[in-house]
Amino acid sequence: MTETPSPSPLRRIATGISGLDEILHGGLLEGGVYIVQGSPGAGKTILGNEFCFRHTRSGGRAAYVTLLAEMHTRMLQHLRPMSFFNEAVIPGALYYVSAFQILEDSGLQGLIDLLRREIKNHSSTLLIIDGLVAAEESAHSGGEFKKFIHQIQAHASAYDCTVLLLTSGSGGPVRAEHTMVDGVLELEDHLLQFRTERTLQVRKFRGSSFMRGRHPFRITNDGIRLFPRIESTFSDQTRLCVPALGEKLSIGIRGLDEMLGGGLPACSATGIVGASGVGKTTAGLHFLSMCNANEPGLCFGFFETPDALRLKARTLGLPLEESLERGHVELLWQAHKENILDELAYQLLTNIRRRKVKRVFIDGLNGFIESASHPDRIGRFFGALTNELNALNATTVFTMESRDVVGGALQVPVSGISALVQNLIFLRFVEYRSDLLRLVSVGKVRDSDHDPRLREFVITSQGMRVRGVFAGMEAVTSGIAHERPSPGTDPQRSGEGI
Amino acid sequence: MQTILIVDDEFGAVEVVTAALEDEGYRVLSAANGRLGLERLAHNPVDLAIIDYMMPLMDGAQIAQAMRTSPELREIPIIMISAVGETQVRARFNGYQAFLRKPFRIAALLESVRRLLPPA
Numbered sequence: 001m002t003e004t005p006s007p008s009p010l011r012r013i014a015t016g017i018s019g020l021d022e023i024l025h026g027g028l029l030e031g032g033v034y035i036v037q038g039s040p041g042a043g044k045t046i047l048g049n050e051f052c053f054r055h056t057r058s059g060g061r062a063a064y065v066t067l068l069a070e071m072h073t074r075m076l077q078h079l080r081p082m083s084f085f086n087e088a089v090i091p092g093a094l095y096y097v098s099a100f101q102i103l104e105d106s107g108l109q110g111l112i113d114l115l116r117r118e119i120k121n122h123s124s125t126l127l128i129i130d131g132l133v134a135a136e137e138s139a140h141s142g143g144e145f146k147k148f149i150h151q152i153q154a155h156a157s158a159y160d161c162t163v164l165l166l167t168s169g170s171g172g173p174v175r176a177e178h179t180m181v182d183g184v185l186e187l188e189d190h191l192l193q194f195r196t197e198r199t200l201q202v203r204k205f206r207g208s209s210f211m212r213g214r215h216p217f218r219i220t221n222d223g224i225r226l227f228p229r230i231e232s233t234f235s236d237q238t239r240l241c242v243p244a245l246g247e248k249l250s251i252g253i254r255g256l257d258e259m260l261g262g263g264l265p266a267c268s269a270t271g272i273v274g275a276s277g278v279g280k281t282t283a284g285l286h287f288l289s290m291c292n293a294n295e296p297g298l299c300f301g302f303f304e305t306p307d308a309l310r311l312k313a314r315t316l317g318l319p320l321e322e323s324l325e326r327g328h329v330e331l332l333w334q335a336h337k338e339n340i341l342d343e344l345a346y347q348l349l350t351n352i353r354r355r356k357v358k359r360v361f362i363d364g365l366n367g368f369i370e371s372a373s374h375p376d377r378i379g380r381f382f383g384a385l386t387n388e389l390n391a392l393n394a395t396t397v398f399t400m401e402s403r404d405v406v407g408g409a410l411q412v413p414v415s416g417i418s419a420l421v422q423n424l425i426f427l428r429f430v431e432y433r434s435d436l437l438r439l440v441s442v443g444k445v446r447d448s449d450h451d452p453r454l455r456e457f458v459i460t461s462q463g464m465r466v467r468g469v470f471a472g473m474e475a476v477t478s479g480i481a482h483e484r485p486s487p488g489t490d491p492q493r494s495g496e497g498i
Numbered sequence: 001m002q003t004i005l006i007v008d009d010e011f012g013a014v015e016v017v018t019a020a021l022e023d024e025g026y027r028v029l030s031a032a033n034g035r036l037g038l039e040r041l042a043h044n045p046v047d048l049a050i051i052d053y054m055m056p057l058m059d060g061a062q063i064a065q066a067m068r069t070s071p072e073l074r075e076i077p078i079i080m081i082s083a084v085g086e087t088q089v090r091a092r093f094n095g096y097q098a099f100l101r102k103p104f105r106i107a108a109l110l111e112s113v114r115r116l117l118p119p120a
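Just so you know, the sequences run in chain order E and D.
With the numbering used here, letter number 227 in the first sequence gets 227, and the count goes up by one each step, no holes.
With the numbering used here, letter number 80 in the second sequence gets 80, and the count goes up by one each step, no holes.
So here's chain D without its partners, still in its complex pose:
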């Protein structure tokens, strides 16, 4: 079973996305900020990360940058999600494979997940 990590401080968004991904047969881990996200990554194999850009303590750009500089984590595809436009995000970090602007449709998220995470 493939594992997806969602890192987002918005409780409601995490609930909805987790439920949708579990319905599709994925195992889902979650973290409320980048620091907790890195802790999850340190102790769990993850196949794809969905990372929110604006978060407390460690934001999306910081955790994504940390992943890209880690030999163990650099190959994990990242879907960046944000309430602001991609221009603002890309100005700070562009090492992600897909971007979705909030609020996004679940169908759009699943399409990105399937594209980045071919069936095991």
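Extracted from the complex, chain E is given alone in its bound form:
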């Protein structure tokens, strides 16, 4: 007797929507029924339509059924500017119908009959039902509505047609249909004081793992662009770079390399902390001045435009312009607006991967921090980001602005951030005899000796130059230095260089 073959494993159906298939670990499961819920304006209709158009691109056939009085003619007009819209596939591969009247006249059974015929007649492999709430309202009982959902599941499975049920409403008491369907995706539009942020959360996905939690997205002319949370995307600790023992990269500043014990450890993250105007960006430009074809670099900044950086580099005598022309360095500037934290990270990481960047200068960690809609994420976000930078073999320098210009402890902008960077460099202003001097010190260097002493530095037309140890002074870190009281001894300031 021939043994009945085992059922084949469920196939995936990619949505083609940017970021969504990553969150779903490959896409939805073929023949499944999924609820997409969200309040009006959350993006359900765009998601459903974009899925249809992208499905037809990969050879699938889709049907979009509206249960609401809204005309699909109007909906198509709104979709036309979208880059995914392709009129040529309508109606051959993508068919739009309204079932509002059928629902009014013949109830849920009439609707089921229509859906079954549409799937069959058009050989649809994807069915979108927009306006599930209308079906629920026409049900005479909760039991009738559950039966309707069950019938949809049965037909979807029988025809290998994946179904999306679009409905308004948001997370709240568990609803019967949520327990029956194969998955629930929730779209939300959060108001955070003055700005808003759209998020998608997979609340349920039977038969598959997925990225949990809320993931931000934008609706653009190219459709929905999801940015899976960095913390949930890059959590693999096994890919971390293990550089050769003692491998270091020059920071490009004579004297500072020596203070660092020979330079920055390869694949490490370094924080340069200091007040506004002390020279953090200058130090970063020096780091990038060491870029070449084998060590391409990237400057990712928020506060100084590419033109301002070019001018600064020229003023310092650094060869940034030449590096840009040769493609050894790229400048990615993010205007200071309502950015999405994860989107920034993906822009950064995409450039690094594409160009195999080895030297990364992130000018202004505060730019990331201010983009965070939920500041409590920052620590975990940076942990994941620095891990991924390390895994990509990038040596990274961050600048972090401290609050006070002069005096007091140098406060980093995020609690715990110093634990996430392997190396710390402090730049500070100190007042001495009516002069405002600049001092540099090294707080820590991973797995390496370093010179912890304070040294003066200057910024000239030849760039940043480290001078001698700032010896014989007291209370330097308070911001106002004075000579150590020692009878008959003049205070010392060592000469040029080390």
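FYI, nobody ran anything at the bench for these hints, they're computed from the structure.
Even for Gly, the Cβ is constructed at its ideal location relative to N, Cα and C.
Incorrect hints may have been included.
Examples of chain E residues toward chain D, derived with CB under 10 Å [unchecked claim]:
1. Thr73
2. Ile90
3. Leu115
Here are the simulated distance ranges between beta carbons [stated by the list, open to error]:
4. D:Glu22 to E:Arg74: 46 to 56 Å
5. D:Gln65 to E:Arg206: 41 to 51 Å
6. D:Pro119 to E:His140: 21 to 31 Å
7. D:Pro77 to E:Glu30: 43 to 53 Å
8. D:Asn94 to E:His78: 46 to 56 Å
9. D:Glu86 to E:His25: 39 to 49 Å
10. E:Arg80 to D:Arg90: 36 to 46 Å
11. E:His190 to D:Gln97: 49 to 59 Å
12. D:Arg101 to E:Glu321: 52 to 62 Å
13. E:Arg206 to D:Asp23: 48 to 58 Å
Residues from chain D shown here face chain E by an in silico Cβ test under 8 Å; the list is partial [to be verified]:
14. Phe11
15. Gly12
16. Tyr53
17. Met55
18. Val84
19. Gly85
20. Asn94
21. Ala98
22. Lys102
With chain E fixed as given, assemble chain D onto it according to the hints.
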């Protein structure tokens, strides 16, 4: 009084067109899909049919084709309406007398109706 049948699944479109045609003195029948449209035609004399191309159960091309092969219905003029361009429609069926792309102005529809349906 002349009778016009509108066959369209879009409830809103049917309401608007029905009201506009009734204002012009026509009697209007409606159906939400091609199958119901053929039932209307079987039981009511109709002078002109306005048929939507994309519909559930039986689409515009199917009902129009059925009309063209029926001795009783083949002479009824058809205005085909659709949210997609005429090229896609004509590739499947071209036995209609006028085509209007949605969304169309009521004035354009009435002009086509008057042209195809001279006053009784």
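Consistency of the hints with the structure:
no., hint, in the structure
1, Thr73, "holds (4 Å)"
2, Ile90, "holds (5 Å)"
3, Leu115, "holds (9 Å)"
4, D:Glu22 to E:Arg74: 46 to 56 Å, "violated (23 Å)"
5, D:Gln65 to E:Arg206: 41 to 51 Å, "holds (43 Å)"
6, D:Pro119 to E:His140: 21 to 31 Å, "violated (48 Å)"
7, D:Pro77 to E:Glu30: 43 to 53 Å, "holds (45 Å)"
8, D:Asn94 to E:His78: 46 to 56 Å, "violated (30 Å)"
9, D:Glu86 to E:His25: 39 to 49 Å, "holds (43 Å)"
10, E:Arg80 to D:Arg90: 36 to 46 Å, "violated (21 Å)"
11, E:His190 to D:Gln97: 49 to 59 Å, "holds (53 Å)"
12, D:Arg101 to E:Glu321: 52 to 62 Å, "holds (55 Å)"
13, E:Arg206 to D:Asp23: 48 to 58 Å, "holds (53 Å)"
14, Phe11, "holds (5 Å)"
15, Gly12, "holds (5 Å)"
16, Tyr53, "holds (7 Å)"
17, Met55, "holds (6 Å)"
18, Val84, "holds (5 Å)"
19, Gly85, "holds (7 Å)"
20, Asn94, "violated (16 Å)"
21, Ala98, "violated (18 Å)"
22, Lys102, "holds (4 Å)"
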